[in-house]
Every structure is written in structure tokens, then in C-alpha cells.
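Using the sequences provided together with the hints, build the complete structure.
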Amino acid sequence: MALLEIRNLNVHYGAIHALQGINVTVEQGKIVTLLGANGAGKSTTLRAISGLLRQVKGDILYQGRSLFGRPPHDIVRDGIAQVPEGRGIFPDLSVLENLNLGAYIRSDKKGIEEDRERALTLFPRIRERLQQKAGTLSGGEQQMLATARALLARPKLLLLDEPSLGLAPQIVLTIFRIIREINETGTTILLVEQNAHMALQAAHYAYVLECGRITMHDDAKALAESDAVKKAYLGG
Amino acid sequence: MVALLRGFYPYAIAILIAFVMYKVMPVGAEKIDLGILQINSFFTKVTGAIGIAIIMAVSLNIVNGYTGQFSLGHAGFMAIGAYTSAWITHYGSIHFFGNANAMEGLFTKGSALFVASLLAAGLVSALFGYLVGLPSLRLRGDYLAIVTLGFGEILRALLNQTQPVLDEFDIEEATRGEIFTGLGGALGFSGVPKYSNLFWVWSVAIITVIICYRLKQSIHGKAFLSIRENEIAAEAMGVPTTHYKVAAFAIAAFFAGVGGALFAHTLGNIVSPNEMNYQRSIDFVIMVVLGGMGSISGSVIAAVALTILPESLREFSEYRMIVYAILLIVFMIVRPDGIFGIREFWEVKWIRRLFRRTPKETHAP
Ligand SMILES: Nc1ncnc2c1ncn2[C@@H]1O[C@H](COP(=O)(O)OP(=O)(O)OP(=O)(O)O)[C@@H](O)[C@H]1O
Ligand SMILES: [Mg+2]
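Residue numbers (my numbering), protein chains in the order written: chain P, 1 to 236; chain E, 237 to 601.
Since the hints were derived computationally from the structure, they do not count as laboratory data.
The structure displayed is predicted, hence computed values, not measured ones.
Heads up, some of the hints might be wrong.
[Said to hold, decoys possible] Computed beta-carbon distance windows for the label pairs:
| no. | chain 1 | residue 1 | chain 2 | residue 2 | range |
| --- | --- | --- | --- | --- | --- |
| 1 | P | 166 | E | 241 | 45 to 53 Å |
| 2 | E | 239 | P | 135 | 45 to 53 Å |
| 3 | E | 239 | P | 37 | 44 to 52 Å |
| 4 | P | 91 | E | 366 | 25 to 33 Å |
| 5 | P | 121 | E | 571 | 51 to 59 Å |
| 6 | P | 78 | E | 518 | 54 to 62 Å |
| 7 | P | 135 | E | 339 | 52 to 60 Å |
Using N, Cα and C, we set each Cβ at its ideal position, and we do this for glycine too.
Put into C-alpha cells, the structure is as follows:
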């Protein structure tokens, strides 16, 4: 059984039909990426999974159970953490306070300590800035903080919305290395990206979303070789 | 939530401080001569008003500061507390003691009734806080402000329509309905037994500060702040934002209700619908904004300053609002986040620098 199964998902924003019946399967332990241009509906898909949208049709099964009709905080408790688009840090709170909020749903103090330690080992730059206001971090550091914070919920499924957005190539490399490291510790990842090159290297399986429809899906390697993807997303 | 009340010493010390203030500060014609300064009962009155202002500002900070909602109805909750407790002590005194006069002394049967009325005031007000908080789930910013403003004004209109207060003789022939609505109408609730004094006011004020500070430091406090900082991200962390938004209103209203009850039982205060109008709500909002949205110590300092200021400008009381306005404008230009932002004064960099002799190196290795 797949960890997450999106079936015939339809989302409307008023007159806009943002998702037009998409099917996506995320297997346990894998990195699955969802590629697409601006406005394709990538963030919408993640928001639907997290329970942040109202007008949704179709179904989303997580561990065999439907996620529909459940409030977002309940879904987080079930092991789905999201790093929202634009990072969504709490700017006036310290980096440490941001991290602690990531563990909001947990009460096992020791486990939280351990996971914070683990997350800070992945992101040493964050460790040096624990007392700093999160809003004063650089863009890349904020992305790292947002990812580290999501890890503190100890998710089974991590939803990442464009982690490379606006970052220098060097930082993008670091972020993607860490994404793979997170995955190797057993966390399943659904990665939304416009940087198809990086995403296809990191992912096991990939979907291409165009104007609310899935137009292609295949193993990431195979997709990276396909002419259509090369032309549209890999600049060649 | 129970963890917020843990510990004996903070509360014991709070009560001790309040007791000392009650003993030291002069009442009636008493005076303390400090040479340059003659402390008389007017100082006692202002000290009491400061205590109540602290309760109001610190509690409003939970809604307007921590959660970043905009309530303009805090005086309404104060009124609910004032009327609830006044009704209980007035009619309760007649029922239990035969007349509605306050008993002398700190620990009397009347004081027990008074303490019960404080709790009841808090709880009734919290219930209204819950109800007024519900729209906050769908509305924000200006729209929520208008709803809370409307709540205060509706309350004022309703209180204006109530029946005259009944004394121990009227009550013999009165119906239940008349007793229940005997809140004094536009004239106000006259003859509230004056049980309150610096002991009660400052015990509650200091305890309110302790609880609100602990709340802020707890994970619940961080959850409140996360909603104000970024509601979507807060949801993504699993914070049940709807619970918290309504809870903020209910908790703040609880303390405001108790504050109103203390106000009602203080000598010299009038309990009337117009006394607790939106103007007063705005006063509390100004305290929170000036002190820093989310800063408890900021709210305390602003409450002290903005209570003393109009008293010292008493002769020019018409200009009070002009002074306020100018102060606010200047402040918002110089320090747009209030005096301390969301931090406490001992956490703020520019204050720390004042107390540090050699500047500490803050570079990471
Ligand atoms: N709240 C909203 N109200 C109306 N339309 C919306 C709303 N949110 C998204 N849309 C529309 O839905 C479509 C999909 O948006 P979505 O945010 O999912 O795109 P995306 O694939 O994440 O794009 P990007 O790469 O630019 O982030 C867009 O056309 C967008 O304008
Ligand atoms: Mg997007």
C-alpha cells in the first residue's frame, strides 16, 4: 500500500479550476517530485493534502485512510509536515522558538531534544544562530530553518514546497543533499519544484503538472531522459 | 494550563506585597510626610487605579499582542465583570447580612462574598469572551475590531435599559425579574459595597502578571505568538489556531472581568454604562500598543505611565486625548513596535546594553 494516494483530486478557487482530477501516488520511503511551471497547481496540491483547503473533491488516502474533512492540526499529528511556500517562518520569534514550535504536537521532551540535535547537525548554520530573530536570517538560512522545524514534528511524510526558490546555487546543492539525507533516515518526501534539474536528480519518481493536469509521470531518471521534459524543463 | 498556576512562592510574595501596600498607603485623612512629598489618600486612589489598569492592559495583550487580533471591546468585558460582581455583592449582602453596606476589615464574611463575586465576574466575562471570540475565526483586522466595538456598544445600550437598583426594603415586594435586571439603568449601579482596596487590587494585578508571563513563556504562549506571526505556518505546525484564537478572548475576558469587579468595589468609582465605553477600550489598546504588542513588562509600564499622566494633567483634562494622540504618533514613528516589541524589558538589546559595562562580543566562533 502506498503511503499517500491522491485520487482524482479536483480543486476550485471560485471560477478557477486549479486541479482537474490529478492522481499521484507516493510510495513509502521514496522521494517523489511534482514538477510544473508557475500556476500549475503544485502548491494547491500540497495545501489540499495538509487540509488547508475547503473546496476539494476526489480523495486523498494516507495510510489507507481518507484525509478529507480533517482539520490541519489533526493531519500534522498523523505525521504529515509541510514546509510552506515562501518558508513561513515566525519572523519575530527566535530561531530556537521557531524550532520548538515545530515540535508543538509532541510532548516527549527527550525525543524532541534528540530530534532538535539531529536537525541542528544537518543544519550547522542554524545552530550558530539559535538566539537570533528568525526574521533576520538570510533567505537560505530561513529555508534551512523551515525544513529543520518541519523535521521536529518527526513526520512520516514531509511536504516541501520549492525549497530552492531564490537561493544561490551553492545553497541549493546543500539543501538537496540534506533532503536526500532526511530521506535516508526513513522519511518519505513529496517535493514540489521548478528546478527540475535538481529535483529529478534527487527524486525516485516524478510527476509533471501542467495547468492542473498530470501530463507525464515516470521514474525520475527516465523522465530526465525524455525529450519532452528536456525541452520544457531542462532547457535543452 | 494547570502548570501555569504551579508554585507557592510567587503567589505568596504577590499577596505579601499587596498586603504591605494596603497597610502602608494612607486612607481617609492620613498622610505620609516624606519631606519633599506629602503622600495622601489621593496617591492611594491612583495606586489602585494603576493596579486595575495593569490587569486590563496585560490581559488585553493576550488578544491584541500575543495573537495579533484587534479587540476594541475590552471595556465591555470590564463592564460585565463590574455589573456581575456588583449584582452579587449588593443583592448577596442584603440576602445574607440584611443590608447592602460593606463591612469594615480585610477578612470578614463580606470579603468572602466579594471574592466569590470576583470569580463569578471573571467566569461570566470569560463566557462572553468566548462568544465574542467566535467571529474572530472568520474575521480579522478592522472587521474584527468593528465586531468587538459593536459588542461594547450593544452592551452599553442594554445596560442603559435596566431597572433601578433595589434596596433591602424594595426587595420585599420585587419580582425575580426586577431583581435580576435591577442594575440601575443609565444612572448606574449605585451603592455598590466598597469591598475593594489595595490588597485585593494588587494581589490580583501581580497574580495576573505572573500568569500572563508564564503563559507567554509556555508552549501555549508560543502558539499564540505563532498565530500572529504567520497563521498558515502555525496551522502547518499543527497548532489548532481556531481553539487558540477563541481561548485568547476568553482568557483575556476573564481577567478583564475580575478587573471590572475590582473597579466596581473601589471607593469613588461609578459603575455606569457610560463609564465603561469604547473610549476606555481605546485607552487599554493604547497601553498595549505603547508598551509593545506581546510585551508584558511593556504593558505594565504603559499602564502605570498612562494612568499617572492624566492624573497629573488633571487641570487640562480636555487636552488629555490630544496628549495621547501626539504621544502615540511620536512613539509610533520612533518605535513602531512599542517600547519593547514582543520582548520583555530585560530581554531587549538596548536595555541590556545600559546595564553591561563592557560590550560583549557576539560573534560566533
Ligand atoms: N486563494 C486563491 N484564490 C484564487 N486562485 C488561486 C488561489 N490560490 C491559487 N490560485 C490559483 O490557482 C492556480 C494554481 O496555484 P498554485 O499556487 O497551486 O500554483 P503553483 O504551481 O504552486 O505555482 P508557483 O510555482 O508559482 O508557486 C493559479 O492559477 C493560481 O492563480
Ligand atoms: Mg507554488
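message: So, against the hints stated earlier in the document, which numbers end up violated here?
response: 2, 5 and 6
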